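Can you make the complete structure from the sequences, with help from the hints?
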Amino acid sequence: MTVTESPRTAAPSSALLITPSPTPWRRIALLALLSTLTMATLVLWDVNRTGAHPANLLQGMTNGPAYALLHDDFPDVEFLPGLGLDGQQYYAMARHPAHFDQAAESLDRPIYRWQRPLFPWLARVVHPTSGGGGGLVAAFFAVGVAALLAGGIAAGSLSTALGGRAWPAALFPLLPGAYMSLRVTVSDSLAMALVLVALALSAHRRAWLAIVVACLAALTRETTVIVFVGWALARRSRASALLAIAPIATAGMWAVWLRLTLPASPPEKVDELGLPFVGLLGAARDHWLEGTDRLGMLSTVAALALTAIALGRVTRTHPLAPALALSLAFVSLMNHNVVGIDFGATRSTMPLAILALLCLATRQDRVDGSPASHGDAGMVGPGLASGGPTSR
460 MTVTESPRTA APSSALLITP SPTPWRRIAL LALLSTLTMA TLVLWDVNRT GAHPANLLQG
520 MTNGPAYALL HDDFPDVEFL PGLGLDGQQY YAMARHPAHF DQAAESLDRP IYRWQRPLFP
580 WLARVVHPTS GGGGGLVAAF FAVGVAALLA GGIAAGSLST ALGGRAWPAA LFPLLPGAYM
640 SLRVTVSDSL AMALVLVALA LSAHRRAWLA IVVACLAALT RETTVIVFVG WALARRSRAS
700 ALLAIAPIAT AGMWAVWLRL TLPASPPEKV DELGLPFVGL LGAARDHWLE GTDRLGMLST
760 VAALALTAIA LGRVTRTHPL APALALSLAF VSLMNHNVVG IDFGATRSTM PLAILALLCL
820 ATRQDRVDGS PASHGDAGMV GPGLASGGPT SR
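Residue numbers (the numbering used here): 460 to 851.
Just so you know, not all the hints are guaranteed correct.
Unchecked claim - The calculated SDA-like cross-link candidates involving lysine to any residue, where the alpha carbons are at most 25 Å apart (straight line), are:
1. Lys728 x Ile768
2. Lys728 x Leu577
3. Lys728 x Asp560
Simulated from the structure, these hints should not be mistaken for laboratory data. Computed from a predicted structure; not experimentally measured.
Here it is in structure tokens:
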């Protein structure tokens with residue numbers, strides 16, 4: 460049984476995706492591979508420059524929640540004072556992938572961290588032997604590199620499915636968020652790669668497989684559901700609705716299960732979100748105007764500029780326009796650290812940047828505005844059937 464778009468299940472104004480020509484897989488794969496190798500080389504160069512040991516990829520420090528675990532696994536490494544970054548906590552989760560209570564001893568907010576289990580689970584699958592150390596860190600790095608490659612291929616596939624060019628395949632692995640994810644071992648690149656894979660599968664009418672991948676994305680980073688909601692709003696079909704509902708349900712049920720499973724603890728404070736645009740103003744005042752976090756400033760400002768250009772150049776009927784608008788609204792709620800510092804801004808604006816680039820690569824004036832009657836919605840046809848006007 461196959462879920463397909465059809466005139467009976469899609470609203471007249473929805474954008475029905477019809478691949479205009481064969482996907483240039485070889486070109487897409489080559490672009491993604493070259494960019495992925497470039498990024499992996501850059502990260503390894505920086506690791507070698509700043510301290511050539513596996514723990515450097517985890518960025519743990521003496522006051523961090525996983526310091527005791529890291530000290531046991533890397534006894535020869537002298538950790539710097541400070542709290543460190545999130546890679547140490549993904550490492551702790553991979554060390555105890557099925558014993559959540561044990562891993563919780565090395566996590567600052569166990570429920571919040573375990574809401575995103577897929578990244579450490581995949582690393583443990585790549586390195587199935589017990590224990591940790593350099594082998595487990597190498598497994599994390601391999602998963603991160605694979606995520607960049609998959610995300611690049613998916614970006615190129617989605618772009619060409621929407622009538623655009625293949626060049627987004629080269630850009631996804633080179634985004635600042637891609638660098639930060641691989642450099643400090645966090646899940647953002649994997650989450651966004653899974654989002655793009657799910658959207659590309661949906662664009663190529665692999666509805667059920669797209670739903671499975673979307674659920675995996677929600678288990679990597681629950682905020683990915685924002686993009687799927689935007690996709691469903693654009694397409695307004697049964698298949699796209701399921702693509703949004705399934706990951707939301709998956710993330711919700713997983714959150715409930717965590718609260719029933721993990722030991723009772725004080726309520727976890729989640730202060731990453733606030734009033735609209737307050738965080739952006741705080742980032743400028745507290746970080747950028749003080750001369751710090753220039754990479755974070757560049758990432759956020761560039762993503763916002765690309766978004767403004769993209770939203771100004773495509774019509775509201777573009778399949779990615781609602782997802783881009785919702786992602787912009789979400790970024791506006793983030794606090795000053797999330798959108799301001801290098802570690803946070805590069806990753807938090809990653810969805811915004813790649814969605815804006817995809818919109819620009821698939822300009823609405825490249826989309827056929829003819830009604831769905833020009834071809835069956837479940838068949839390969841000459842363009843994108845849409846009930847709305849073009850951008851011209």
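Hints, verified against the model:
1. The suggested pairing of lysine 728 with isoleucine 768 is violated, with an alpha-carbon distance near 36 Å, which exceeds 25 Å.
2. Between lysine 728 and leucine 577, the direct Cα distance comes to roughly 23 Å. Compliance with the 25 Å bound is thereby established for this hinted pair.
3. Simply put, lysine 728 and aspartate 560 have alpha-carbon atoms about 19 Å apart, close enough for the 25 Å limit, and the pair holds.
Checked against the numbered hints above, the structure violates only hint 1.
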